[in-house]
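Asker: The listed protein sequences correspond, in order, to chains U and E.
The opening residue of the first sequence carries number 14 in my numbering; numbering runs sequentially from there.
The opening residue of the second sequence carries number 11 in my numbering; numbering runs sequentially from there.
No lab work stands behind these hints, which were simulated from the structure alone.
Don't take every hint at face value.
One side only, chain E facing chain U, incomplete, derived with CB under 7 Å [as the list claims (entries may be wrong)]:
no., residue
1, 21
2, 23
3, 27
4, 99
5, 116
6, 127
If you anchor each label on the Cβ, the simulated ranges turn out as follows [to be verified]:
no., chain 1, residue 1, chain 2, residue 2, range
7, E, 67, U, 789, 28 to 36 Å
8, E, 67, U, 665, 29 to 37 Å
9, U, 900, E, 128, 44 to 52 Å
10, U, 899, E, 132, 46 to 54 Å
11, U, 822, E, 120, 36 to 44 Å
12, E, 14, U, 789, 53 to 61 Å
13, E, 132, U, 754, 50 to 58 Å
14, U, 717, E, 67, 31 to 39 Å
15, E, 67, U, 660, 33 to 41 Å
16, U, 696, E, 132, 48 to 56 Å
Backbone N, C-alpha and C define an ideal beta-carbon position, used for all residues, glycine too.
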Amino acid sequence: MLAGWFVALLSAAYLALLFAVARFGDARADGGRSIISANVYALSLAVYCTSWTFFGSVGRATSGGLSFLTIYLGPTLMLLCVTVIVKMIRISKAYRITSIADFIASRYGKSQLLAGMVTVIAVIGVVPYIALQLKAVAASLDVLFEQSGHAVFFWGLDSTFLIALVLALFTILFGTRHLDATERHEGMVAAVAFESVVKLVAFMAVGLFVTYGMFGGLSDLFGKAMASPELGRLLQHDQARAGTWTSLIVLSGLAIILLPRQFQIIVVENVDESHLKRAVWMFPLYLLLINIFVLPLAIGGLLHFSGQGVNPDTFVLTLPLARGAEALALLAFIGGLSAATGMVIVETIALSTMVCNDLAMPLLLRSRWLQAARRQDLSGLLIGIRRAAIVLILLLGYIYFRAAGEAYALVGIGLISFSAVAQFAPVLFGGMYWKQATHAGATAGLLAGFAVWLYTLLLPSFAKSGWIGSGFVEQGLFGIEWLRAQALFGLSGMDEISHCLWWSMLANIACYVVVSLNSTPDAMEASQAERFVDILRHGRRDADARLWRGKTSLGAVVELLERFLGANRAHQQLAIYAAGRGYADWQTLPADAEFVHFAETELAGAIGSASARVMVSSVVQEEDLGLEEVLDILDEATQVRAYSRELEAKQRELEAATAELRAANERLRELDRMKDDFISTVTHELRTPLTSIRALSEMLHEDPRTELTDRKRFLGIIVNEAERLTRLINQILDMAKLESGRAEWTTGDVDIGEVVRESMDSLGQLFREKGVLLAGDFPEHGPVVQADRDRLMQVMINLLSNAVKFVPGDGGRVRVDVGCQGGLVRVVVSDNGPGLTAEECSVIFEKFRQGGNTLTDKPKGTGLGLPISRQIVEYFGGNLWAESRPGEGACFIFTVPLPAPEK
Amino acid sequence: MAHKILIVDDEPNIVISLEFLMKKEGFEVAVANDGEEALAKVAAFNPDLLLLDVMMPKKSGFEVCEALRADPSRAGLLILMLTAKGRDTEVAKGLAIGADAYVTKPFSTKELVAKVKDMLGVA
Chain U
14 MLAGWFVALL SAAYLALLFA VARFGDARAD GGRSIISANV YALSLAVYCT
64 SWTFFGSVGR ATSGGLSFLT IYLGPTLMLL CVTVIVKMIR ISKAYRITSI
114 ADFIASRYGK SQLLAGMVTV IAVIGVVPYI ALQLKAVAAS LDVLFEQSGH
164 AVFFWGLDST FLIALVLALF TILFGTRHLD ATERHEGMVA AVAFESVVKL
214 VAFMAVGLFV TYGMFGGLSD LFGKAMASPE LGRLLQHDQA RAGTWTSLIV
264 LSGLAIILLP RQFQIIVVEN VDESHLKRAV WMFPLYLLLI NIFVLPLAIG
314 GLLHFSGQGV NPDTFVLTLP LARGAEALAL LAFIGGLSAA TGMVIVETIA
364 LSTMVCNDLA MPLLLRSRWL QAARRQDLSG LLIGIRRAAI VLILLLGYIY
414 FRAAGEAYAL VGIGLISFSA VAQFAPVLFG GMYWKQATHA GATAGLLAGF
464 AVWLYTLLLP SFAKSGWIGS GFVEQGLFGI EWLRAQALFG LSGMDEISHC
514 LWWSMLANIA CYVVVSLNST PDAMEASQAE RFVDILRHGR RDADARLWRG
564 KTSLGAVVEL LERFLGANRA HQQLAIYAAG RGYADWQTLP ADAEFVHFAE
614 TELAGAIGSA SARVMVSSVV QEEDLGLEEV LDILDEATQV RAYSRELEAK
664 QRELEAATAE LRAANERLRE LDRMKDDFIS TVTHELRTPL TSIRALSEML
714 HEDPRTELTD RKRFLGIIVN EAERLTRLIN QILDMAKLES GRAEWTTGDV
764 DIGEVVRESM DSLGQLFREK GVLLAGDFPE HGPVVQADRD RLMQVMINLL
814 SNAVKFVPGD GGRVRVDVGC QGGLVRVVVS DNGPGLTAEE CSVIFEKFRQ
864 GGNTLTDKPK GTGLGLPISR QIVEYFGGNL WAESRPGEGA CFIFTVPLPA
914 PEK
Chain E
11 MAHKILIVDD EPNIVISLEF LMKKEGFEVA VANDGEEALA KVAAFNPDLL
61 LLDVMMPKKS GFEVCEALRA DPSRAGLLIL MLTAKGRDTE VAKGLAIGAD
111 AYVTKPFSTK ELVAKVKDML GVA
């Protein structure tokens, strides 16, 4: 058994050590050599692990098995959203945000109402949590003194009350040591980081002692646990609780940022964004370490105290004591004390700042007393209010503890707090990313969420304590079934936390979004929305300054700063600011928009943005900017961006248009070139026969004595060339008509078989003369298609005469096949001529491009036959193409669609 | 000694008329039907003047002209280009690559004979 005085002395010594650490941290901060490194920052985040972790995790593990882990998985996941947290830190730094209430209020138009609401919710939500810490410390003292109940009295006072007082004093010394009320407390952060180390060491020491000292290691423990059906259950993941797991992960993930103390540590106390990178892995590592021995301790405790009814929440202490390891039990007690004090200090500092800035200041600013005491230095008053708030909050915690302390397990209270602060999530995150979100929407969302939380979680917990009737839980409000507090609208089968989270978030987000969309922000809201959402963009300063217009004197603003910051600190900050703007003496600063903005930001750091706004406007003759004007100014920046985006888009359009024009021009030029080429080619084709005709006829004309044989030969040539010329001209005209669509068509039923036979007959003589075999395989009649008979004949004759032109004189064979395939008539003219290359197969369908540029004579032809044939076939919806390989003969195929079968 | 003229054209009827015309004027005449044959005939026949068609298979008249002008041993060879393509650019191109004269088809036999004689210095 430990002596009371020894424990008290040890506790006092430990607190003194903490205080020394804090003093050291503050001294270093004052000296400009901040002690806050990335490691210290990461460790200070572990203020998340309160006595709830230290004692409560083990208790929770004895009943819920692995589910205690969810409380640590959520924060790990949340910290991965580094960009969100960095944005939050940027905003807070830029506008000297002092608390989560300040953050939310500032975003929605520096609203005192919202700030107050958030503060009230936070206080109501977090006071039970503080009570929990007091309970933990009291319970651990009880264990040390082997008392049942918590009625240890010193000098006639309840020990828990004493603890509350000591903590209040300690917090006052810590957090409000400065006479100048600023938002940052580096000493406190250092002490909290130190405590984090102590509690981790203490917890792991107990874990090692129990696992390896009392039992034969982890395998021994787990082996024994598996052997017992009761304990084996703890080691299995319980599928039925998956919903609970999810909601616990969500809740704890939100809590790591939204709990006032977490916001304080992560956002407000952050000195360097890059520290976050360390915290992202170091904090989860810390959580892992502090959780490693939770299950072994739970199993060890259950095995050791089997059936003795020892409270599992105290296993951390009772297990070492059971083996007489008093020193270890003391270390565990100090660890638990660290966990509790760390939480209480940071939480009450954060809450007191909120209470002071967002509840007390607005009231004071309205009071006549403050008006009367205009010239008084108010920085002392601020500190006083904060100290009073600290005492008050701890007192509230104590009262709650006295009233409800016996009603719940430790974890239950923690989750109720988590659910309360989770209500800040929509307005906080929404405000950072959604410009349309309005003050009215935020108010509605918060109120709705808070009301649901109150009705479904807090009041039922009161009912369970027997303070109020439990009718609304069991039968529903006014006996209405679907208003049952923990089965709202008939939603049952969920645990109470998931149930509350679901309905409160639904109500919160729905009201927030719907009201925001249906309300118009005022000028201040619009400008704040712009500042918050676009914080990561550059060039904000200009807009900040331009958003304000008014007249003031340097003296009035400086006086204001002196009143709230204290003269020393005010002059110090003014000097730094003046130097930044290039003025040697701050007294020569112009009282311009930028200066007023600076002063307001400085004030915001002390009294919150909402109050700062009120104070600044009291000494400044401001011109009210209308919403339109604000939007205009804000828009200007946006507009410049939009304009440049527009310009870029225009430029892209222009470039596209230019490219199109260039392409069109290219096409035109190509067409022009083609036309030019065509004319040139036509000219060439016309001139060639003309040349022979002219030359020969001139010679005949000039020399009448030309021999008869020559004369005959020449005249024969002249006649042939004249015919060629005629043919050429006809075909050119035909081609031109086809191309311009002015050709005349006589469309009717055409029997393909008949057409093929007739064309074969008409060319029979030519084939026979050349000794070429012409064969065909096709029915006597049909198929019948819709086409122009003469034109199809023209195509057939063209293909056949081409074939006969190219096959060898003797042994040449040409074959015609007619068939139907897939709704098309298919006519194939194949020969055993020299064949065509793949390139030639397409070239021959171009005008004046003849195949067969071989050593043989230039083919007799105009080079227009195939292009004309193709035009004709395509006119009737068919195709004409060639298939061939050099040396393997050529195959010309054309198709004409069969008429659709009549229905 | 009669001057030697090589007629290069792929149109048989034009070759017939040119051959007859030039022979009648007393020139010694040889014929080639495409560009490659023309170069071979120049080497074998050693003509004083070439009547050279432009549009021919295998090697165009322009290519033949360039090839001949690139050969210093053929420096004295006269080249008269005959073409059915009468565009200015083609005339300019022919002259630029070294043709001595350029006549478009259809031509006047009298003028052609006069031009050939003038080029060969036959009065």
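Asker: Hint by hint, say whether it matches the structure.
Answerer: Hint check results:
For residue 21 (chain E), the interface hint holds, the least distance from its beta-carbon to any beta-carbon of chain U being 6 Å, beneath 7 Å. Proximity of residue 23 (chain E) to chain U holds as hinted, the smallest CB-CB distance being about 4 Å (cut-off 7 Å). At its closest, the beta carbon of residue 27 (chain E) sits 4 Å from a beta carbon of chain U; the interface hint therefore holds under the 7 Å criterion. Interface hint at residue 99 (chain E): violated, since its Cβ lies 10 Å from the closest Cβ of chain U, which is beyond the 7 Å cut-off.
The closest approach between the C-beta of residue 116 (chain E) and any C-beta of chain U is roughly 4 Å, which is under the 7 Å cut-off, so the hint is satisfied. Because the beta carbon of residue 127 (chain E) sits about 16 Å from the nearest beta carbon in chain U, more than 7 Å, this interface hint is broken. Distance hint for residue 67 (chain E) and residue 789 (chain U): a CB-CB separation of about 34 Å, consistent with the stated range 28 to 36 Å. Hint check: residue 67 (chain E) to residue 665 (chain U), Cβ distance near 50 Å, so the stated range 29 to 37 Å is violated.
Taken as a hint, the range 44 to 52 Å holds for the pair residue 900 (chain U) and residue 128 (chain E), whose Cβ atoms sit roughly 50 Å apart. Taking 46 to 54 Å as the suggested C-beta distance range, the pair residue 899 (chain U) and residue 132 (chain E) conforms, at roughly 48 Å. The beta-carbon spacing between residue 822 (chain U) and residue 120 (chain E), approximately 40 Å, falls within the hinted interval of 36 to 44 Å. For the pair residue 14 (chain E) and residue 789 (chain U), the beta carbons lie near 54 Å from each other, so the given range of 53 to 61 Å is met.
Checked against the hint of 50 to 58 Å, the pair residue 132 (chain E) and residue 754 (chain U) passes, with Cβ atoms roughly 57 Å apart. Roughly 37 Å separates the CB atoms of residue 717 (chain U) and residue 67 (chain E), a value that falls within the hinted 31 to 39 Å. Distance hint check: the CB atoms of residue 67 (chain E) and residue 660 (chain U) are about 58 Å apart, inconsistent with the given range 33 to 41 Å. The given range of 48 to 56 Å is broken by residue 696 (chain U) and residue 132 (chain E), whose C-beta atoms sit roughly 32 Å from each other.
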